[in-house]
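Visitor: Let the hints inform the model, and build the full structure from the sequences given.
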Amino acid sequence: MLKILYFAWLRERIGTPSEQIESESETVGALIEELASRDERYALAFSDLGSIRVAVDQELADFDAPISDASEIAFFPPMTGG
Amino acid sequence: MAVCIQTEPFSVGQEIKRLTGNRRDIGAVVSFVGVVRDSGKDPLESMVIEHYPGMAEVAIAKIVDEVHRRWNVSDCLVVHRHGNLKPGEEIMMVVTASAHRADAFAAADFMMDYLKTRAPFWKKELRSGGAKWVSSNRADEAASRRWEAETA
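Sequence order for the protein chains is B and V. Start counting the first sequence at 1; every next residue gets the next number (this note's numbering). Start counting the second sequence at 1; every next residue gets the next number (this note's numbering).
Among the hints, erroneous ones may be present.
[Unchecked claim] In the DMTMM-like style, the derived pairs of lysine to aspartate or glutamate whose C-alpha atoms are separated by at most 25 angstroms in a straight line are:
1) 86(V) with 12(B)
2) 123(V) with 19(B)
3) 124(V) with 48(B)
4) 3(B) with 50(V)
Just so you know, these hints were derived from the structure itself, not from any lab. Quick caveat, the model's predicted, so the values are computed rather than measured.
Guide: Printed below as a string of structure tokens:
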């Protein structure tokens, strides 16, 4: 099982802060495609990849990062703390 | 090194004392405090800070590690609040302490640049006209990148 987390406007657009899924996707990019193909909400949330950042097991990662051994993937917009 | 992520307000004076209290090797303390600012015509009612629990602590700890690699810093501290904050309230603070001021200034500057772009926090502005997520700032990204070229 893979835990997926969403933050900020991604959380709002998708409508949930987290979910557990079974996925065969091997990279972040493949996972995004899998999620975006689910329904319109997901497709819209992932429509502009330039405004999405990802963390694999709480570490910032690229879209081509492998996720086969990952347990937690988080999607969020560019950070605006400080 | 201390990293505190909390909803409660903090006291800059107390936090600095906590850092310097029992030491005699610190000659310089630099602090930065971020405050909720109201700009724009439609008055800001409040600012909601969201964060990624777990990763936020890890990300800040990594930044602190990098600070110690680059500068001769005795200690540093980060406090970042989350939740609902009003204009004028303090959002976060960074404190760096060192023997001499150059290291403390540079380390604080670096920490702020990296925190802005690498620590998982997001701001949402609530105004009478509606709510809006703050978009990331290109200047912050550029400020963060300038350290990558340096080999301090």
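Visitor: Tell me, in ascending order, the numbers of any earlier hints that this structure violates.
Guide: Of the numbered hints given earlier, the structure breaks none, since each of them holds.
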